[in-house]
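**Student:** Residues per chain, in single letters:
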Amino acid sequence: MPDVVLAGVGGQGNVLSARVLAETALRMGYDVKTSEVHGMAQRGGSVVCMVRWGEKVHSPLIPEGRADFLLAFELLEGLRYLRYLSGEGTAIVNLYQLDPLTVLRGDAEYPENALQKIRDYAARAVELDARDMAARAGNLRAVGSVLLGALSVYLDFPDDAWREAIVAAVPAKAVEVNLRAFSAGAGRGRGSA
Amino acid sequence: MKRALFSGNEAVALGAWCAGVRVAAAYPGTPSTEILEELARRPGVYCEWSPNEKVALEVGIGSCLGGARTLVAMKHVGLNVAADPWMTLPYIGVNAGLVLAVADDPGMHSSQNEQDSRYYARMAKVPMLEPADSAECFAMVGAALELSERYDTPVMLRLETRVSHSRTVVEYREERREVDLPYEKDAVKRVMIPGHARLRHPVVIERLEKLQQESERSPFNRVEMRSTRIGIVSSGVCYQYAREAFPEASVLRLGFVYPLPEKMLREFASHFHRLYVVEEMEPWIEEGLKAMGLDVVGKARIPRDGELDPDVVARSLSELLEMDTGVRGGGWSPPPERGELPEESSLPARPPVMCPGCPHRGLFYALRRNRAVVSSDIGCYTLSVLPPLSGIDCQVCMGAGVGMALGLEKAFASSEANAGKACKVVGVLGDSTFIHGGITGLIDMVYNRTPTTIIILDNRTTAMTGFQDHPGTGRTLMGEETHALDLAELARALGVESVRVVDPWDLAQTEAAVAEEMAAPRTSVIISRRSCVLREHREGAPYRVDVERCDACRRCMRLGCPALVMRGEAAAVDEDLCVGCSLCAQVCARGAIEEVSGHA
Chain A
1 MPDVVLAGVG
11 GQGNVLSARV
21 LAETALRMGY
31 DVKTSEVHGM
41 AQRGGSVVCM
51 VRWGEKVHSP
61 LIPEGRADFL
71 LAFELLEGLR
81 YLRYLSGEGT
91 AIVNLYQLDP
101 LTVLRGDAEY
111 PENALQKIRD
121 YAARAVELDA
131 RDMAARAGNL
141 RAVGSVLLGA
151 LSVYLDFPDD
161 AWREAIVAAV
171 PAKAVEVNLR
181 AFSAGAGRGR
191 GSA
Chain B
1 MKRALFSGNE
11 AVALGAWCAG
21 VRVAAAYPGT
31 PSTEILEELA
41 RRPGVYCEWS
51 PNEKVALEVG
61 IGSCLGGART
71 LVAMKHVGLN
81 VAADPWMTLP
91 YIGVNAGLVL
101 AVADDPGMHS
111 SQNEQDSRYY
121 ARMAKVPMLE
131 PADSAECFAM
141 VGAALELSER
151 YDTPVMLRLE
161 TRVSHSRTVV
171 EYREERREVD
181 LPYEKDAVKR
191 VMIPGHARLR
201 HPVVIERLEK
211 LQQESERSPF
221 NRVEMRSTRI
231 GIVSSGVCYQ
241 YAREAFPEAS
251 VLRLGFVYPL
261 PEKMLREFAS
271 HFHRLYVVEE
281 MEPWIEEGLK
291 AMGLDVVGKA
301 RIPRDGELDP
311 DVVARSLSEL
321 LEMDTGVRGG
331 GWSPPPERGE
341 LPEESSLPAR
351 PPVMCPGCPH
361 RGLFYALRRN
371 RAVVSSDIGC
381 YTLSVLPPLS
391 GIDCQVCMGA
401 GVGMALGLEK
411 AFASSEANAG
421 KACKVVGVLG
431 DSTFIHGGIT
441 GLIDMVYNRT
451 PTTIIILDNR
461 TTAMTGFQDH
471 PGTGRTLMGE
481 ETHALDLAEL
491 ARALGVESVR
501 VVDPWDLAQT
511 EAAVAEEMAA
521 PRTSVIISRR
531 SCVLREHREG
541 APYRVDVERC
551 DACRRCMRLG
561 CPALVMRGEA
571 AAVDEDLCVG
581 CSLCAQVCAR
591 GAIEEVSGHA
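Going down the list, the sequences are from chains A and B. Once you know that position 137 of the first sequence is 137 in the numbering used here, the rest is easy, because the numbers rise by one and skip nothing. Once you know that position 534 of the second sequence is 534 in the numbering used here, the rest is easy, because the numbers rise by one and skip nothing.
Hints listed in this document are in silico derivations from the structure and should not be mistaken for laboratory results. Keep in mind that a hint or two might mislead.
As the list claims (entries may be wrong) - One-sided and incomplete, this derived list gives chain A residues near chain B with beta-carbon spacing under 7 angstroms: (1) Arg83; (2) Leu95; (3) Gln97; (4) Leu101; (5) Leu115; (6) Lys117; (7) Asn139; (8) Val177.
Everything numeric in this text was worked out from a predicted model, so none of it was measured. Even glycine gets a Cβ: it sits at the ideal position worked out from N, Cα and C.
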């Protein structure tokens, strides 16, 4: 039963990506549960979503140390939710650093070697500049679809299911960009697999 | 049958629509907000944002008496506001069904307290259902409405963040059942003068006894027998955690949670040495079982604060389960060994922040320059409590910023301990929350001659919960244009002597208004008005720093704008984030920050 944690910053498209992943699993006939943190987190705070599927899923929350995949939309947030990843798990990491206000103010330091720590911990780390790839696909905000594309390489969902889920979940005018971003992510994912 | 993923809130809305709900009212509050947003998309339902939860429930009482099936939704703290009508409604009954959906927030993802609303069901003697996933959310709304009509009582549907904001599979038919009941006058039953109320209270008590029989028979209460060594009682999302943590355990899964099915519980308990209760927050079920004289363990092991998850449940109980039953860890195994993790506490926090260009920023900068003692209520502006603005002294609930300002002012006025200190009080609240709970406080200020300034941070929306309309915006939840309440005229009508409107992007004007009103010996209202930047498109060109002129004094950093950073020996503007509010340029003493010229 694959468990996926999506960690990022409010506004990065984390919640929508969780939705696309869940819709894809639903199309494959699985029982699916997702969990989102809303509310204050939409103001540039830390945001985490969880997606689980299988024959039967009980808890919508993934226990610590049990996730098979961590999609890190931002490095520090990847590090923050690393504890959810299993030792055998795969981290798919956007090489992007967004300083929180605590760092901008000089009250805290952005952790050194955040990426290295994720690499050391995860059984496998797939690293990509998802922001740049999303921009090339036509919109900076399609970062989530790039990461989902990279994830798709490790799941046995057919491309059609992913495409249908993107069409169902993403606003109509953004579908083309997100499909391109997804393909770019999948291409990059295959390169690392 | 269709099969789709719905959040718990969406499933409540769909269930309400299918069950023929014709009137729905709410005040937005995380995690309950999406219930009405979803319902309002569908035909045949009148949906409204009420000014507050008390009014929402009062609207609901009227509509159900009038014969329309009704849904009222709110978050846990909203039920405190609605508690007054809530306690009398069970006396008068409903005619058509009324369901009150209340969403609790264990873990306080976006709330000021962790109260357990289940006590409100017990206190009001109202039956309560508690879904464990979206499919049950869907099914329980209809069942609750029928129960409501059959027993002539409101029914509480208790949700939690993890039910409201989880998406799980729902199989459903998109069919609506029309319900339209005749209105009949019955003043003895519906006008609660003491003589009538005395007649009604015994009816409420008797009804509760009948509802207990209903609970015994309810399909939402189910025994799942597995191992005869471990017996767990649980409800809501905690049932899911218990199932995952202890797959071998037998579980009595409560969905009709008040009144508790006593016979069923006793029968279940007879199979086990003792029962374990898995529930979040208060020992609500546990107390019920203990009152029956059953041997149960719950909060002695499971945390009473914070949110549970399968691991917390497993770790809390596994040792005791092993002692009691001999089953190693109760059948739970710890996660596999892992590599080294960074200490959570060593990572920089990423608190939510006021957005670049947020109109509240200029106002709080001005308040800080005027050294005000600030009492606040709840909204985006509450984020200004964080450094560098550090702009708030106290906050309790919506509307309370006004009353607290009055109290602080009266205390300081009669204080020797605080004499000579700069203790000038200002109360702040949002446009939506002023309408929700601030108006009566302002009447008190005027009436009791309080020389204090109230600032309404009017960003033309209810921003924190996702841009809902309110009586000041000129638009209803159903998308119709309507009269826009004029806050300035209202304040004048309440008797406020000085009411002025400022643009918080104009720092000099805002600072001057704050200074003048704080100095004046009268009750005053400043309306700091500019639309939320997330709601409106970017208005201006971005700004940039002339590195030659910047002397790194860091004055601009005091604004706490996420678009401003120190880069080496100079400040810098992130042009991607900047919306051109110009506050940093207004603050810079060296004129080093300027508009990017030639910007389209």
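**Student:** A separate judgement is required for each hint: does it hold in the structure or not?
**Tutor:** A quick look at each hint next to the structure:
With 7 angstroms as the threshold, the beta carbon of Arg83(A) comes within range of chain B, its nearest partner Cβ sitting at about 5 angstroms, so the hint holds. Hint status for Leu95(A) relative to chain B: violated, with the closest Cβ pair at about 17 angstroms, above 7 angstroms. Checking Gln97(A) against chain B: minimum C-beta separation of about 11 angstroms lies over 7 angstroms; hint violated. The beta carbon of Leu101(A) is positioned within 7 angstroms of a beta carbon in chain B (closest approach about 5 angstroms), and the interface hint is therefore held.
Interface hint at Leu115(A): violated, since its Cβ lies 12 angstroms from the closest Cβ of chain B, which is beyond the 7 angstroms cut-off. Interface restraint check: Lys117(A) against chain B, minimum CB-CB distance 6 angstroms, threshold 7 angstroms, status holds. Interface restraint check: Asn139(A) against chain B, minimum CB-CB distance 13 angstroms, threshold 7 angstroms, status violated. Checking Val177(A) against chain B by beta carbon gives a least distance of about 18 angstroms; that is not within 7 angstroms, so the hint is violated.
Hint compliance for this structure: hints 2, 3, 5, 7 and 8 are not met, and every other hint is.
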